[in-house]
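Engineer: Residue numbers (the working numbering), protein chains in the order written: chain F, 50 to 322; chain A, 20 to 297.
Check each hint, because a few of them may be wrong.
Said to hold, decoys possible - Listed next, with one range per pair, are the computed distances between beta-carbon atoms:
hint : chain 1 : residue 1 : chain 2 : residue 2 : range
1    : A       : Gly-123   : F       : Lys-302   : 32 to 38 Å
2    : A       : Ser-192   : F       : Asp-170   : 36 to 42 Å
3    : A       : Pro-258   : F       : Gly-137   : 35 to 41 Å
4    : A       : Asp-24    : F       : Gly-187   : 56 to 62 Å
5    : F       : Gly-187   : A       : Arg-271   : 54 to 60 Å
6    : A       : Asn-218   : F       : Gly-187   : 50 to 56 Å
Unchecked claim - Computed list of lysine-lysine pairs in DSSO-like fashion (alpha-carbon distance at most 27 Å, straight line):
hint : chain 1 : residue 1 : chain 2 : residue 2
7    : F       : Lys-188   : A       : Lys-110
8    : A       : Lys-277   : F       : Lys-293
9    : F       : Lys-293   : A       : Lys-197
10   : A       : Lys-289   : A       : Lys-138
11   : A       : Lys-277   : F       : Lys-141
12   : A       : Lys-138   : A       : Lys-92
13   : F       : Lys-172   : F       : Lys-313
14   : A       : Lys-25    : A       : Lys-110
15   : A       : Lys-197   : A       : Lys-277
16   : F       : Lys-55    : F       : Lys-172
17   : A       : Lys-214   : F       : Lys-188
18   : A       : Lys-61    : A       : Lys-289
19   : F       : Lys-293   : A       : Lys-61
20   : F       : Lys-172   : F       : Lys-71
21   : F       : Lys-224   : F       : Lys-172
22   : A       : Lys-189   : A       : Lys-121
23   : A       : Lys-110   : A       : Lys-149
24   : A       : Lys-279   : A       : Lys-92
Source of the hints: derived by calculation from the structure; they are not laboratory data. Backbone N, C-alpha and C fix where the C-beta goes; we use that ideal spot for every residue, glycine too.
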Amino acid sequence: MMEMNKKISEAKIYIENNIVEKPEIGLILGSGLGVLGDRAENQKIIDYANIPNFPISTIEGHKGRFIFGEISGRKVAIMQGRFHYYEGYDMKETVFPIWVMRLLGIEKLIVTNAAGGINTDYKPGELMLIKDHINFMGKNPLIGPNLSSMGTRFPDMSNAYSSRLRDLIKSISYKLNIPIREGVYASMTGPAYETPAEIKMLRIMGADAVGMSTVPEVIAANHAGMEVAGISCITNMAAGVLDKPLSHEEVIKTADEVKDKFIKLVISIINEI
Amino acid sequence: MSYIDKINNAYEYINNILPCRPQIGVVLGTGLGTLADHIENKVIIEYNSVPDFPVSTVEGHAGRFIFGDMEGKKVLAMQGRFHYYEGYSMKEVTLPIRVMKKLGIGMLILSNACGGLNKAFSAGDIMIIKDHINLIGDNPLIGANLSEFGPRFPDMSQTYDHELIELCKKIASRLNIKVHEGIYTAVSGPNYETKAELNMLIVAGSDAVGMSTVPEAIVARHCGIKILGLSCITDMAIPDALVPLSHEEVVRVAEMAKPKFVSLVKEFIKEVNIHESL
């Protein structure tokens, strides 16, 4: 674990040497939602490829860089592009940026993603505040010697998505008249979309939406003592809900249609957090 | 050596041996390997002679390709498959599927021996797989996408082809073979499931549980192969009536079910219109 601490520290030092002010809020942008990064003022862009020990994002629609800057006067670190388990990274690589952000002094994290709607009341284009998650990836980023510099061996997950932030976000959504659902996000490994039978199972188990990210990051962030909020953009209905195949193009198209209200909401959240 | 190189090496070796292009692939599950006895003009290729192929270790699996004619079609059967529980990676488990795709196969019959979770089933019954649940905890497509085979995020909303299922049901009814339709859940094994796990699988919507097939189905769908999945219910895994289970018992029941499995698959291969379904 000394080795991991060293790796995190090297990445942190590199970033620190390339930015002016310390960020206070971290923001991870999901598939098709990266455009929010352009709204940051006084931008300082750092490509992941330039950061020591950082993995490299490969997926289409993910840019793979940090944008440091200001939104609503708050110092933010925005991840445009994230590392997915299905890309072949191990769980520790997937959450590496979380550890680096924590070391940079970030204590609040907003995680976003594109997700498939399991709850049949949901419709593509709606937003969902993540109330809780189910880790269905068969892996956990904290497996291995505990990174005690970050947190405890057995971290509590009973408030993984801060109830304080959820209340705040709900009141903001009401004020802005941007409706938001509240539900449980289940993460699967992917990259194949789920079968209808798998979606039915997830529904029985209490999931409202399904995706291939977020959960490892949120586990690591909670372990490291960060306060987390999660927002899913329901970009499509999950397999078997509608009688049509799923495609990544549809995900990107819906995310693009939703981005205006998504941006408005997230900017307001950053302002009031 | 890269994974693609391994696929290509295996493909080239087999392609040089085969007298012509296979049309239908068949993966034979535990105890069902004798279907291959009905293949004529056989060309046999042992897995251990194929460059970069993993080697099958489980009892009851012969570990070879058998190519030849069955009911007027060119068939490439796998007698023996690679299981995740043997210690192979998901990519090794599914390597033969990619090789078959390169050899020109557009339709695949995946068979297995599995436990029945649906109370309407009995040991010895055949279940047509309608859909699956992957509870292995791993996925063969994790890692860089092999875009020459398929897209990054393949759809799985119709993994098991509806038309092939309908044809198989029609043939079964004509041959007077009782078949069920149901959901197959794959777990890693190799231990059989606990009662608590079986209960959970039933709640999750499973009709049968086994340790294979799903990785192969995911990879076959990724590269656009049409799939028919057939499970031989070799034991009933109902939690409140569970008796200790042995591999010998599984093989014994599969043996009993073999004649109807063989006639069903043979008739299916005879009738399936590969040109229309490809």
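Engineer: Would you mind marking each hint as holding or not holding in the structure?
Structural biologist: To see whether the hints hold, each was checked on the structure:
no.: 1; hint: Gly-123/A - Lys-302/F: 32 to 38 Å; verdict: holds (35 Å)
no.: 2; hint: Ser-192/A - Asp-170/F: 36 to 42 Å; verdict: holds (39 Å)
no.: 3; hint: Pro-258/A - Gly-137/F: 35 to 41 Å; verdict: holds (37 Å)
no.: 4; hint: Asp-24/A - Gly-187/F: 56 to 62 Å; verdict: violated (28 Å)
no.: 5; hint: Gly-187/F - Arg-271/A: 54 to 60 Å; verdict: violated (33 Å)
no.: 6; hint: Asn-218/A - Gly-187/F: 50 to 56 Å; verdict: violated (20 Å)
no.: 7; hint: Lys-188/F - Lys-110/A; verdict: holds (18 Å)
no.: 8; hint: Lys-277/A - Lys-293/F; verdict: violated (36 Å)
no.: 9; hint: Lys-293/F - Lys-197/A; verdict: violated (31 Å)
no.: 10; hint: Lys-289/A - Lys-138/A; verdict: violated (32 Å)
no.: 11; hint: Lys-277/A - Lys-141/F; verdict: violated (47 Å)
no.: 12; hint: Lys-138/A - Lys-92/A; verdict: violated (37 Å)
no.: 13; hint: Lys-172/F - Lys-313/F; verdict: holds (20 Å)
no.: 14; hint: Lys-25/A - Lys-110/A; verdict: holds (11 Å)
no.: 15; hint: Lys-197/A - Lys-277/A; verdict: holds (13 Å)
no.: 16; hint: Lys-55/F - Lys-172/F; verdict: violated (45 Å)
no.: 17; hint: Lys-214/A - Lys-188/F; verdict: holds (23 Å)
no.: 18; hint: Lys-61/A - Lys-289/A; verdict: holds (17 Å)
no.: 19; hint: Lys-293/F - Lys-61/A; verdict: violated (41 Å)
no.: 20; hint: Lys-172/F - Lys-71/F; verdict: violated (39 Å)
no.: 21; hint: Lys-224/F - Lys-172/F; verdict: holds (22 Å)
no.: 22; hint: Lys-189/A - Lys-121/A; verdict: violated (31 Å)
no.: 23; hint: Lys-110/A - Lys-149/A; verdict: holds (24 Å)
no.: 24; hint: Lys-279/A - Lys-92/A; verdict: holds (20 Å)
Hint violations for this structure: numbers 4, 5, 6, 8, 9, 10, 11, 12, 16, 19, 20 and 22, all remaining hints satisfied.
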